[in-house]
Structures are given as structure tokens and as C-alpha cells.
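Peer 1: These are the residues of each chain, in order.
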Amino acid sequence: MSWFSRSRRESAPAVAQADPPEVYKSLGLSALLESMRRKGQGLRILDLGSAVGSNVEFLSELGCKLHIGDLYASRSTAVEGEELGQEFFEQLFPADAKLDVVLAWDLFNYLQRKEMARLGVLLRRHCRPGALIFALMWSQKQIPAQPIRFRIQEKGHLVYERRTELERPGPRYVPAEISGLLKGFRVDRSFLLRHGIQEYLFIRDDEEDETRAI
Amino acid sequence: MAWNKRDDQPNAPEPAPTAPRPMSSAPSAPVTSSPNPSPEPRRSGDRATIGASIIIKGDLSGGEDLVIEGRVEGKVDLKQHNVTVGRNGRVKADVFGKVITIEGEVDGNVFAQEQAILRQAGAIRGNITAPRVILEDGSRFKGSIDMEVKDSGSRHGSDRPQSPQAVETKQQAGEPAGASRAAQAG
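So the protein lines, in turn, are chains P and R. Take the first sequence: its position 60, counting from 1, is numbered 60 in our numbering, and each next residue is one higher. Quick note: to get our numbering, add 1000 to the position in the second sequence (first position is 1).
Keep in mind that the hints were calculated from the coordinates and are not lab data. Positions of the beta carbon are idealized from the N, C-alpha and C atoms, including for glycine. Treat each hint with caution, since some may be false.
Said to hold, decoys possible - So the derived label-pair ranges between C-beta atoms look like this:
no., chain 1, residue 1, chain 2, residue 2, range
1, P, Gly130, R, Lys1098, 37 to 43 Å
2, R, Arg1132, P, Glu154, 34 to 40 Å
3, P, Glu83, R, Arg1132, 39 to 45 Å
4, R, Gly1063, P, Lys114, 25 to 31 Å
5, R, Asp1059, P, Glu177, 25 to 31 Å
As the list claims (entries may be wrong) - In silico SDA-like links for lysine to any residue, alpha-carbon gap of 25 Å or less:
no., chain 1, residue 1, chain 2, residue 2
6, P, Lys114, P, Lys65
7, P, Lys65, R, Lys1098
8, R, Lys1098, R, Asn1127
9, R, Lys1092, P, Arg38
10, R, Lys1092, P, Val187
11, R, Lys1092, P, Glu83
12, P, Lys65, R, Glu1136
13, R, Lys1092, P, Phe88
14, R, Lys1092, P, Phe4
15, P, Lys25, P, Gln142
16, R, Lys1057, P, Ser2
17, P, Lys98, R, Glu1114
18, P, Lys114, R, Asn1109
19, P, Lys39, P, Lys98
20, R, Lys1075, R, Lys1098
21, P, Lys65, R, Gly1058
22, P, Lys65, R, Lys1057
23, P, Lys39, P, Ala97
24, P, Lys65, R, Glu1073
25, R, Lys1075, P, Arg38
26, R, Lys1092, P, Pro129
27, R, Lys1057, P, Phe4
28, R, Lys1075, P, Ala95
29, P, Lys155, R, Asp1059
30, P, Lys98, R, Lys1098
31, P, Lys65, R, Phe1111
32, P, Lys98, R, Asp1137
33, P, Lys155, P, Arg38
34, R, Lys1092, P, Gln142
35, R, Lys1075, P, Phe4
36, P, Lys65, R, Gln1120
37, R, Lys1075, P, Pro94
38, P, Lys25, P, Lys114
39, P, Lys65, R, Pro1131
40, P, Lys114, P, Glu87
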């Protein structure tokens, strides 16, 4: 199945959105945006989620260059049940640039541990020292069966748009385990939110730090 | 359970079947059509239309607006005119135009002089270069977005620059009421 044929299916109306919308204050996003503003314009961002117009607008107005990886749709084109290899993850990255920010949203929850490790290797390769990864990890036993679509709101809020009402068991990664899978990164900040999400900001170590660690 | 299993989407209806597209067996032919061969695109006012049964392999250029409902492989070069890839359009090419509107599928890069619009049913796998980009919710995009105006030099210093560079979003009915205000933050 091609990426395009998947895209047709995805355009079908999904779960009815909550009214009022599910909006949460995101401390991790606020910290990320603050850091991005400090770094200035021209940042290279990889959004591993799907393209959300308002997010693109928000980030472009911060003077960022954006690459959309769309891991969710790409995964849907892979052979069902098959473990995702290095090649799959490679095609999520822009070929010609080092990244400053990666928006992973809740996608890590939907990768097997081996897949996370593979992605981690590529993240280290494609990110500059000091680059930040924004990830949301579920701490609950049951999580949405499909990744949520997150829409950046003003003042560091996120709208959660669920694609399905179904649930599946969550991986329940502990911080040490995630750090182990994302070698070359360490937890810069983390925030446990009341609705069961733990937000992480991972930061890419300097090359010197890595050498020392080895 | 894999996250992309079909039973994860009980409410998602199957996509409507699309009309079978003709395939060309003559790769060297610049234009292949069936069942009614027509060497000239249909014209409507100052706008030409490549019909759903037309397959074009090669470069395409001209002096009027163009609507593509068929299949194009090669390059679409209409820098001074508007290009629309209609719902049935399948383009495997770089597309150059003034205002480029995508309702079908484009596998290639999009270079718009003024504006690129990806409609809800549209999909682009490639990069978009345009001073203004509109991504409608429900559309699919994979690639990079470059909204820099190469010769303008600098951006304004505020969080919300007053430059012509902008992305607009259009929401589907029933979407969260406050969502579009995300764009107002910064």
C-alpha cells in the first residue's frame, strides 16, 4: 500500500472530537518554545507527527524551517506486524540538514523497544549538540489505540485530537529506559501531568560529553 | 497489537473506489490517452484541463492556467499561471506555478510564486517552496516547507512577523472551536 492510498483512508472522518475540545496546559511545550525563542530564528525542526496546518503556521512564524516526517502515515504503509528497520526510519529525516528540534509527540509509545533504539541512533546522528526532543509518554496502563494529533494552542496549551476511542496497552516506559534507548540524549526537563502524560524534553549531549561517557 | 491494524479504525469507512486510471504502455510517447485520444487539452476560458483519462509523460509548459485531472509524469512548468491538481489528478513531477492548488496527489516538489494550497483531500510527498502555504486539515503532507523569500534578506524581529510569509489553515466542520487560534499565539 502506498503512502498516497493510505492518505485517502486517513481523510475519512474519524472519531468525533470532544466538545469542548480536549485542551491541556503543556509545561514541556512552554519550556521548548522558551528555549527555541532563546536560540533565535532559522531553527531546523523535524515534526515526526502528521502535518497540522496551525502547527506549521505557528512554527513558521517563529522563523523555523520545518520538515514533516509523518511517522504515523509512513508506518501504516509498512507490512503489518513487521518490525520497522533502519531504512524506514531514515526516510523520516531531511537529507541535508542537522536538526535543532524534534517533535516526537506521543509516537514513542507506539514503537517497539528495538524500533525506539533504531530511531534513537538516527536522532543522535541527525541532531546537533544541544538539540531538543519533545516527547509525551503515557504513564497509564491503557493508551489510545492510535497516536493523538496534537495542535499547538496559544500560551503553551495543546489540543488533543483523538483518532479513535479504542485503547491498547501502553508500554509504560520508565525514564531510565527511555534514556537508555535514546543514547546521546539526556532528560533536560520532564513534567508529569495529571491526565497521565509525562512530558519530556531530551537534550542532545555535546560530542565531548559523549566521549567522556564512553 | 500493532497500532496500524485495521480493527483500530472501526468507524473509518473504506475510501470510495476511484475510477481505474489508464496506464500507458508507450513510455516514449509524450501524451497517451484513452479511450478518446485528444492531443489538445480541453479549454475552458483561459484555463486548460487535462482530463482524467489523459496520461502525459514529459515536460509540460504553456501560457494559461491548467487543471490536471489526469496523470502527469515529468515536469509541470507554468510559472506565470495557476496550476490545479484536481481530485482525480496524479502528478509525479515537480510543479512550478503562480498559485498551485492540490486536491489530488503530487509526488514531487511544489514551487509556487505566490501561494501553495493543499486541500483537504490532497496529498503531497515532496517539498513545498512558496511565500504562502495553506494546509487544510485532513490533507496529507510529507516533506519540508520553505517559506523563506530568498531575496528579502531578513525577517521582522517580533514573534509575529508582518512579512507576506504565512500559512493558513482551514478547519473542517466540527473541529475544536479554539484550534485555529493556535496560529495567533507566538
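Peer 1: When the structure is checked against the list of hints, which entries are broken? Sort them ascending.
Peer 2: Numbers 2, 4, 5, 6, 9, 10, 11, 17, 18, 21, 22, 24, 25, 26, 29, 30, 32, 34 and 38, in rising order.
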